[in-house]
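> Heads up: the protein sequence lines correspond to chains D and S, in order. Here this note's numbering is used: position 10 in the first sequence is 10, and no number is missing along the way. Here this note's numbering is used: position 55 in the second sequence is 55, and no number is missing along the way.
What the hints contain is simulated information worked out from the structure, not anything from laboratory work. Take the hints with a grain of salt, since some may be wrong.
Unchecked claim - Every beta carbon over 10 Å from chain S, so not counted as near; a handful from chain D, in silico:
| # | residue |
| --- | --- |
| 1 | Ser7 |
| 2 | Ala10 |
| 3 | Ser42 |
| 4 | Pro51 |
| 5 | Asn56 |
| 6 | Thr62 |
| 7 | Asp76 |
| 8 | Leu97 |
| 9 | Thr98 |
Stated by the list, open to error - Below, a list of computed lysine to any residue pairs in the SDA-like style, where the Cα atoms sit at most 25 Å apart:
| # | chain 1 | residue 1 | chain 2 | residue 2 |
| --- | --- | --- | --- | --- |
| 10 | S | Lys62 | D | Asn24 |
| 11 | S | Lys15 | S | Glu101 |
| 12 | D | Lys66 | D | Arg40 |
| 13 | D | Lys5 | S | Met60 |
| 14 | D | Lys66 | D | Gln37 |
| 15 | S | Lys11 | D | Lys60 |
| 16 | S | Lys62 | D | Asn92 |
| 17 | D | Lys5 | S | Gln37 |
| 18 | D | Lys54 | D | Lys66 |
| 19 | S | Lys62 | D | Lys54 |
| 20 | D | Lys66 | D | Glu80 |
| 21 | D | Lys5 | S | Gly42 |
| 22 | S | Lys11 | S | Thr111 |
| 23 | D | Lys66 | S | Gln37 |
| 24 | S | Lys78 | D | Arg40 |
| 25 | D | Lys54 | S | Glu101 |
Just so you know, these numbers come straight off a predicted model, no measurement behind them. Glycine residues also receive a C-beta, built at the ideal position from the N, C-alpha and C atoms.
One-letter residues, chain by chain:
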Amino acid sequence: GDQVKQSPSALSLQEGTNSALRCNFSIATTTVQWFLQNPRGSLMNLFYLVPGTKENGRLKSTFNSKESYSTLHIRDAQLEDSGTYFCAADNNAGAKLTFGGGTRLTVRP
Amino acid sequence: NAGVIQTPRHKVTGKGQEATLWCEPISGHSAVFWYRQTIVQGLEFLTYFRNQAPIDDSGMPKERFSAQMPNQSHSTLKIQSTQPQDSAVYLCASRGQGAEEQYFGPGTRLTVL
Numbered sequence: 001g002d003q004v005k006q007s008p009s010a011l012s013l014q015e016g017t018n019s020a021l022r023c024n025f026s027i028a029t030t031t032v033q034w035f036l037q038n039p040r041g042s043l044m045n046l047f048y049l050v051p052g053t054k055e056n057g058r059l060k061s062t063f064n065s066k067e068s069y070s071t072l073h074i075r076d077a078q079l080e081d082s083g084t085y086f087c088a089a090d091n092n093a094g095a096k097l098t099f100g101g102g103t104r105l106t107v108r109p
Numbered sequence: 001n002a003g004v005i006q007t008p009r010h011k012v013t014g015k016g017q018e019a020t021l022w023c024e025p026i027s028g029h030s031a032v033f034w035y036r037q038t039i040v041q042g043l044e045f046l047t048y049f050r051n052q053a054p055i056d057d058s059g060m061p062k063e064r065f066s067a068q069m070p071n072q073s074h075s076t077l078k079i080q081s082t083q084p085q086d087s088a089v090y091l092c093a094s095r096g097q098g099a100e101e102q103y104f105g106p107g108t109r110l111t112v113l
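Here chain S stands alone, though its shape is the one from the complex:
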């Protein structure tokens, strides 16, 4: 079991560019969560999918951020027109059906210059 896989581990973009972050949940897990961690705001929920369907996106910024889960083996978080304030570590987690514990990936550190 490789755990939750996130790629890339580090990404540097220029202001205004697009960033796509990838997450591969633990095989067989039915729920995928995205969180963001910054020094100022701490760990914040962004959005989550269950059985590939979007369930709760209450933490997603209304503009420029979108998330998809096209199949059970991966989810993407896309940030359009990145801004310096988007710089953060983006964490993906997955949870198995019937089990409530979430397991986290190593995160993607996004730096927007």
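The following block holds chain D by itself, in its conformation from the complex:
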């Protein structure tokens, strides 16, 4: 089954608007990573989270371990934010990552 369920699978945003992506975990999760995969296929690190919240520019991410979910908020979306966003769960501090299915984001001018 889906150990890491990511939603939505696709999202289209008008430039300048806000949105949120979510991952629900059905495996024990100690830390979460969020990545952006660019059109060339490279996975760029966005956040590494223990339970709590981090913010970086227009991005903000939360990992709630008690309720087994993580969110990624995008504020004032820009064209360069387009790509596929992945969350990944680490269930044994420092071991393998289990990935969600990704959210394909398109930001429209």
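Since the structure of chain D is already known, use the hints to place chain S on it.
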């Protein structure tokens, strides 16, 4: 810091041939991970090494796939007798000792004809 280096970036093989993929982790990183990405299965874990020792190969297909890490500066993933269903992007990641965040290389796109 050049990041994780993977070579080749693209490889095309005929069915039944062998493919060897190379990964150079970030200097000083003690753990190396291999993942595979396909449209159908998404991103899947294959195997990982810590301090060059194999730790978890639970994601590796039981036949034809093998991975080694002969020294701290590189790891290889070998696929024998490649099949069309092996076509995928193979991603390598590394992680530093004491730091849990994984950093990914650009991947090797393997196409088996």
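> Taking the hints in turn, state whether each one holds.
Hint check results:
no. : hint                 : result
1   : Ser7                 : holds (14 Å)
2   : Ala10                : holds (14 Å)
3   : Ser42                : violated (5 Å)
4   : Pro51                : holds (13 Å)
5   : Asn56                : holds (14 Å)
6   : Thr62                : holds (17 Å)
7   : Asp76                : holds (26 Å)
8   : Leu97                : violated (6 Å)
9   : Thr98                : violated (7 Å)
10  : Lys62/S <-> Asn24/D  : violated (30 Å)
11  : Lys15/S <-> Glu101/S : violated (36 Å)
12  : Lys66/D <-> Arg40/D  : violated (36 Å)
13  : Lys5/D <-> Met60/S   : holds (22 Å)
14  : Lys66/D <-> Gln37/D  : violated (28 Å)
15  : Lys11/S <-> Lys60/D  : violated (38 Å)
16  : Lys62/S <-> Asn92/D  : holds (23 Å)
17  : Lys5/D <-> Gln37/S   : holds (17 Å)
18  : Lys54/D <-> Lys66/D  : holds (17 Å)
19  : Lys62/S <-> Lys54/D  : violated (40 Å)
20  : Lys66/D <-> Glu80/D  : violated (33 Å)
21  : Lys5/D <-> Gly42/S   : holds (12 Å)
22  : Lys11/S <-> Thr111/S : holds (6 Å)
23  : Lys66/D <-> Gln37/S  : violated (30 Å)
24  : Lys78/S <-> Arg40/D  : holds (24 Å)
25  : Lys54/D <-> Glu101/S : holds (14 Å)
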